[in-house]
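Student: These are the residues of each chain, in order.
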Amino acid sequence: MTAVPALVVEDLAVEFRTRSGTVRALERVSFAVPKGETLAIVGESGSGKSVTAYAVMGILDPAGRITSGRAMLGGLDLLAASADQVAAVRGREIAMIFQNPRTALNPIRTVGQQIADVLIRHANVPRREAPGRAVELLRDVGITDPARRAKAYPFEMSGGMCQRVMIAIALAAKPSVLIADEPTTGLDVTTQAVIMDLIGDLARDIGMATIFITHDLALAAQRADRIVVMHAGHVVENATTAELFARPRHPYTAELIAATPDAAASLAALASIPGSLPDLRRLDLPPCRYAERCPRRLGDCDAALPAAPAIPEHVVACWNPLS
Amino acid sequence: MPTLILKRLVMTIPSLIGVVIVTFLLTRALPGDPAAYFAGPAASTEAIEQIRKSLGLDQPLPVQFVDYVQALVRGDLGTSLTTGQPVAAEIAARLPASAELTLLGLLVSMAIAVPLGILAATRPGSMIDHACRIVTTAGVSLPVFFTGLILVYVFYYLLGWAPAPLGRLGIFDSPPPTITGFYLIDSLLAGDGTTFMASLKQLALPALTLGIFALAPIARMTRASMLAVLSSDFVRTARACGLASYTVVVTYAFRNAMLPVITTLGMVFSFLLGANVLVEKVFAWPGIGSFAVEALIASDFAPVQGFVLTMAVLYVALNLAIDLLYGLIDPRARMDA
Amino acid sequence: MTALVATMRHARYVVSENPVTGLSFGLFLLIVLAALFGPFLVPHDPLASNTTMALQPPSAQFWFGTDQLGRDIFSRVVVATRLDFGIAVASVVLVFCMGGLAGVAAGFFGGWTDRIVGRIADTIMAFPLFVLAMGIVAALGNTVQNIVIATAIVNFPLYARVARAEANVRREAGFVEAARLSGNGEWRILVFQILPNVIPILVVQMSLTMGYAILNAAGLSFIGLGVRPPTPEWGIMVAEGAAFIVSGEWWIAFFPGLALMIAVFCFNLLGDGLRDIVDPRRRT
Ligand SMILES: Nc1ncnc2c1ncn2[C@@H]1O[C@H](COP(=O)(O)OP(=O)(O)OP(=O)(O)O)[C@@H](O)[C@H]1O
Ligand SMILES: [Mg+2]
Numbered sequence: 001m002t003a004v005p006a007l008v009v010e011d012l013a014v015e016f017r018t019r020s021g022t023v024r025a026l027e028r029v030s031f032a033v034p035k036g037e038t039l040a041i042v043g044e045s046g047s048g049k050s051v052t053a054y055a056v057m058g059i060l061d062p063a064g065r066i067t068s069g070r071a072m073l074g075g076l077d078l079l080a081a082s083a084d085q086v087a088a089v090r091g092r093e094i095a096m097i098f099q100n101p102r103t104a105l106n107p108i109r110t111v112g113q114q115i116a117d118v119l120i121r122h123a124n125v126p127r128r129e130a131p132g133r134a135v136e137l138l139r140d141v142g143i144t145d146p147a148r149r150a151k152a153y154p155f156e157m158s159g160g161m162c163q164r165v166m167i168a169i170a171l172a173a174k175p176s177v178l179i180a181d182e183p184t185t186g187l188d189v190t191t192q193a194v195i196m197d198l199i200g201d202l203a204r205d206i207g208m209a210t211i212f213i214t215h216d217l218a219l220a221a222q223r224a225d226r227i228v229v230m231h232a233g234h235v236v237e238n239a240t241t242a243e244l245f246a247r248p249r250h251p252y253t254a255e256l257i258a259a260t261p262d263a264a265a266s267l268a269a270l271a272s273i274p275g276s277l278p279d280l281r282r283l284d285l286p287p288c289r290y291a292e293r294c295p296r297r298l299g300d301c302d303a304a305l306p307a308a309p310a311i312p313e314h315v316v317a318c319w320n321p322l323s
Numbered sequence: 001m002p003t004l005i006l007k008r009l010v011m012t013i014p015s016l017i018g019v020v021i022v023t024f025l026l027t028r029a030l031p032g033d034p035a036a037y038f039a040g041p042a043a044s045t046e047a048i049e050q051i052r053k054s055l056g057l058d059q060p061l062p063v064q065f066v067d068y069v070q071a072l073v074r075g076d077l078g079t080s081l082t083t084g085q086p087v088a089a090e091i092a093a094r095l096p097a098s099a100e101l102t103l104l105g106l107l108v109s110m111a112i113a114v115p116l117g118i119l120a121a122t123r124p125g126s127m128i129d130h131a132c133r134i135v136t137t138a139g140v141s142l143p144v145f146f147t148g149l150i151l152v153y154v155f156y157y158l159l160g161w162a163p164a165p166l167g168r169l170g171i172f173d174s175p176p177p178t179i180t181g182f183y184l185i186d187s188l189l190a191g192d193g194t195t196f197m198a199s200l201k202q203l204a205l206p207a208l209t210l211g212i213f214a215l216a217p218i219a220r221m222t223r224a225s226m227l228a229v230l231s232s233d234f235v236r237t238a239r240a241c242g243l244a245s246y247t248v249v250v251t252y253a254f255r256n257a258m259l260p261v262i263t264t265l266g267m268v269f270s271f272l273l274g275a276n277v278l279v280e281k282v283f284a285w286p287g288i289g290s291f292a293v294e295a296l297i298a299s300d301f302a303p304v305q306g307f308v309l310t311m312a313v314l315y316v317a318l319n320l321a322i323d324l325l326y327g328l329i330d331p332r333a334r335m336d337a
Numbered sequence: 001m002t003a004l005v006a007t008m009r010h011a012r013y014v015v016s017e018n019p020v021t022g023l024s025f026g027l028f029l030l031i032v033l034a035a036l037f038g039p040f041l042v043p044h045d046p047l048a049s050n051t052t053m054a055l056q057p058p059s060a061q062f063w064f065g066t067d068q069l070g071r072d073i074f075s076r077v078v079v080a081t082r083l084d085f086g087i088a089v090a091s092v093v094l095v096f097c098m099g100g101l102a103g104v105a106a107g108f109f110g111g112w113t114d115r116i117v118g119r120i121a122d123t124i125m126a127f128p129l130f131v132l133a134m135g136i137v138a139a140l141g142n143t144v145q146n147i148v149i150a151t152a153i154v155n156f157p158l159y160a161r162v163a164r165a166e167a168n169v170r171r172e173a174g175f176v177e178a179a180r181l182s183g184n185g186e187w188r189i190l191v192f193q194i195l196p197n198v199i200p201i202l203v204v205q206m207s208l209t210m211g212y213a214i215l216n217a218a219g220l221s222f223i224g225l226g227v228r229p230p231t232p233e234w235g236i237m238v239a240e241g242a243a244f245i246v247s248g249e250w251w252i253a254f255f256p257g258l259a260l261m262i263a264v265f266c267f268n269l270l271g272d273g274l275r276d277i278v279d280p281r282r283r284t
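Chains as they are written, first to last, in UniProt numbering: chain A, 1 to 323; chain B, 1 to 337; chain C, 1 to 284.
These are calculated hints, taken from the structure and not from any lab test.
The reader is advised that the hints may include incorrect statements.
Stated by the list, open to error - Here are some chain A residues pointing at chain B (derived, C-beta under 8 Å):
#, residue
1, I59
2, L60
3, F98
Positions of the beta carbon are idealized from the N, C-alpha and C atoms, including for glycine.
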């Protein structure tokens with residue numbers, strides 16, 4: 001792999017201080033996404049996919065603390081940079097879209113204004129021209145009658161249309177990295193495909209790297225060049241899509257694939273894996289957080305996690321991987 | 001927006017009807033002799049009979065109600081026994097004094113409570129957050145007349161900064177020419193700086209008293225709704241878009257957070273209009289509250305009835321204004337109309 | 001029984017978590033004691049005037065000073081507790097019965113009952129509450145009893161709404177259906193199935209509105225309604241002392257006002273604390 005990485009995340013760890021104890025939400029999370037490629041992060045609910053994205057974007061909950069790690073965007077470490085520096089690249093160099101597009105938009109501001117806010121801030125668009133440019137962006141994301149829609153409020157639009165608006169906002173400044181956190185959850189199936197196609201097309205147009213977060217392994221297989229599998233705040237496996245499906249090495253990945261007969265996979269498939277995520281507040285969490293569910297557990301599993309290679313092609317965090 | 005106004009106007013009609021019925025019932029359908037109430041405590045039997053006739057109290061209740069409504073439509077609220085003046089005229093003459101005081105009080109409390117609530121919400125656990133919590137808990141426990149007296153003691157008696165609590169102007173000042181009836185505005189319009197300062201000095205303590213009184217509910221609501229909005233999805237989006245923190249807090253969070261606060265203002269006004277009566281008594285303020293209190297002590301019922309009705313109508317009107325303001329900010333409320 | 005034990009344990013937890021709630025329980029006990037035994041404990045006769053001792057500032061003999069008639073303010077403040085507390089308790093109990101029953105009936109029967117109760121509540125809410133209370137006392141007659149009634153009436157919508165909401169959600173609940181199937185009449189269900197479930201919530205409501213009831217009653221007597229001099233009562237004592245504030249005799253108005261404030265503060269905290277104890281959603 002020779003492609004230039006757009007974003008490199010190394011050894012990221014995040015904790016949440018709560019009343020009932022410290023939640024060790026992420027540990028040793030590393031991955032990289034090259035320019036123009038799509039990386040999928042897959043894992044069951046609570047595995048830390050969103051927290052990873054929020055940590056990189058610098059929008060973690062106040063209770064959350066990044067205890068280690070780097071997130072290199074070009075030459076800038078997002079985790080070490082000052083708040084002002086991060087705010088300046090957010091939306092300009094790295095953007096994010098969320099699930100539940102209806103609540104993700106300001107309910108009392110027209111969508112045109114919300115797009116214009118970002119244009120004015122990041123795309124050096126003068127205040128006067130911003131509304132016009134916002135209409136153009138709405139047209140680019142395939143909204144019919146964009147001039148009229150620009151004056152509409154989110155509650156006057158369908159979920160799919162709101163997600164298109166979200167995409168227009170995120171891509172307004174032509175960022176080099178886009179994080180899409182379950183962008184199609186809550187949309188109907190046809191709209192899901194249309195939205196995914198739209199993101200793919202736009203990403204290709206501007207040569208953008210995409211991080212696509214989902215718990216749908218089949219969808220990830222269709223859309224991503226590379227897949228990162230997360231479990232309980234750890235990256236358990238990281239490989240190209242073809243490699244992962246051809247030679248899954250981590251027992252958890254194997255279970256996932258086995259539970260995903262074809263493209264019809266869903267949350268239900270993930271839930272069919274025996275056991276559940278350990279409570280991340282536990283003080284006696286095993287080094288490998290899958291160990292308690294794992295059929296291939298060894299004595300070594302209780303010592304430490306294997307160290308990951310520096311520039312990985314196929315990473316697996318397991319002492320007893322399938323071969 | 002015009003349809004919203006019309007719709008909300010129509011919605012106030014049941015409230016107004018209720019208000020009119022209650023003020024009517026307060027006098028007529030109660031134990032005791034309404035004629036005697038209206039005649040006052042010192043009236044002779046003949047006088048009472050005469051009052052009964054002149055007020056139509058010998059008629060059946062529905063007829064009396066129609067009479068009452070007709071009189072209301074004419075703007076007739078009866079006559080005060082103590083002053084012999086029509087109640088409507090007395091109330092109209094005193095209303096600006098009360099309105100100026102109440103509005104300034106509200107302004108004072110908003111000016112303190114809203115920034116306090118926002119700072120507390122944006123810095124949870126900080127000194128200012130604790131201060132906000134103390135203010136909101138202690139504030140609702142303060143009897144408004146007690147606050148007023150303490151302010152008078154400290155700022156008039158001890159420090160001598162404030163003038164004596166004896167009405168809208170000092171004895172040597174003369175009121176500005178009446179345009180709005182608000183001394184602050186009228187004196188400015190007349191270009192009379194001295195009178196402006198004089199009336200501002202008189203207003204300061206009573207307005208502050210009312211302001212402290214209304215502080216707690218507004219600050220509490222601002223803090224709570226600001227906290228909710230700051231953790232909402234769309235503020236997260238705004239942050240993720242890298243919008244300047246000023247834009248995030250003001251354009252995105254604040255405007256949304258104000259919606260519940262505006263709703264709370266309805267309740268705040270209910271309390272303010274009541275507290276106004278007490279504050280007017282403490283500061284000998286010549287508003288409709290002290291007018292009503294004087295009448296109450298003299299068992300002069302017509303002014304009290306007129307006062308209750310006026311206050312209720314004002315309150316209904318204020319609630320209407322609040323609704324419209326809400327509609328102005330929230331497009332969803334406009335659509336419902 | 002186990003439920004009671006659990007509640008007690010939870011209560012202890014709430015108090016230990018939040019010492020302010022503990023403090024308010026202590027204050028509450030003090031107020032109740034003063035209301036019950038105050039008249040027997042005070043050092044001076046609250047009504048005995050002594051013009052040679054008029055307007056004395058606080059001293060070892062007169063802890064809170066004396067008023068314009070030389071009466072001991074400390075004794076008057078303590079003795080007044082019974083009347084103020086009594087007015088508040090009476091009005092809250094009254095509205096508990098009126099508003100609770102009306103609200104439960106509205107929520108349970110729906111239809112016309114609901115509409116009428118709702119309209120009454122809305123009409124009361126259309127008035128600034130203190131102003132309505134003034135009007136009611138003026139119309140019914142200037143007595144303490146009518147202050148109680150007026151305070152109850154202005155609180156009516158609050159109770160009716162809470163009770164209505166609670167009764168409404170329970171109307172279709174499983175245990176009510178079961179009672180219906182086993183042949184219980186609607187009224188029987190109302191009294192034996194619905195009311196017991198609504199009462200705890202209304203009790204919390206009572207403690208939350210106690211503070212407001214005291215304030216409302218004291219405000220009415222401050223403007224000269226209800227209580228007549230020389231009866232010791234906090235609102236009227238503040239009113240009597242108001243005239244002396246401008247000449248510097250602060251203690252006449254200050255101590256009754258302070259007592260009023262502390263009582264209201266105590267009830268507000270107590271109400272919040274009680275809500276935390278009763279409301280299972282807040283159990284952490
Ligand atoms: N604000 C917070 N306070 C405490 N714990 C948190 C907080 N946010 C997230 N967590 C914890 O972090 C872990 C990961 O959560 P995250 O939201 O990243 O999961 P996810 O993989 O995105 O799941 P989903 O598919 O449901 O979105 C969870 O165990 C969660 O409990
Ligand atoms: Mg998530």
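Student: If a hint holds in the structure, say so; if it doesn't, say that too.
Tutor: Going down the list of hints, with the structure as the test:
1. Annotation: A:I59 was flagged as interfacial toward chain B, and the flag holds, the nearest CB pair being 5 Å apart, inside 8 Å.
2. Annotation: interface hint on A:L60 violated; nearest CB of chain B at approximately 10 Å, more than 8 Å.
3. Annotation: interface hint on A:F98 holds; nearest CB of chain B at approximately 6 Å, less than 8 Å.
The structure fails hint 2 only (numbered hints given earlier).
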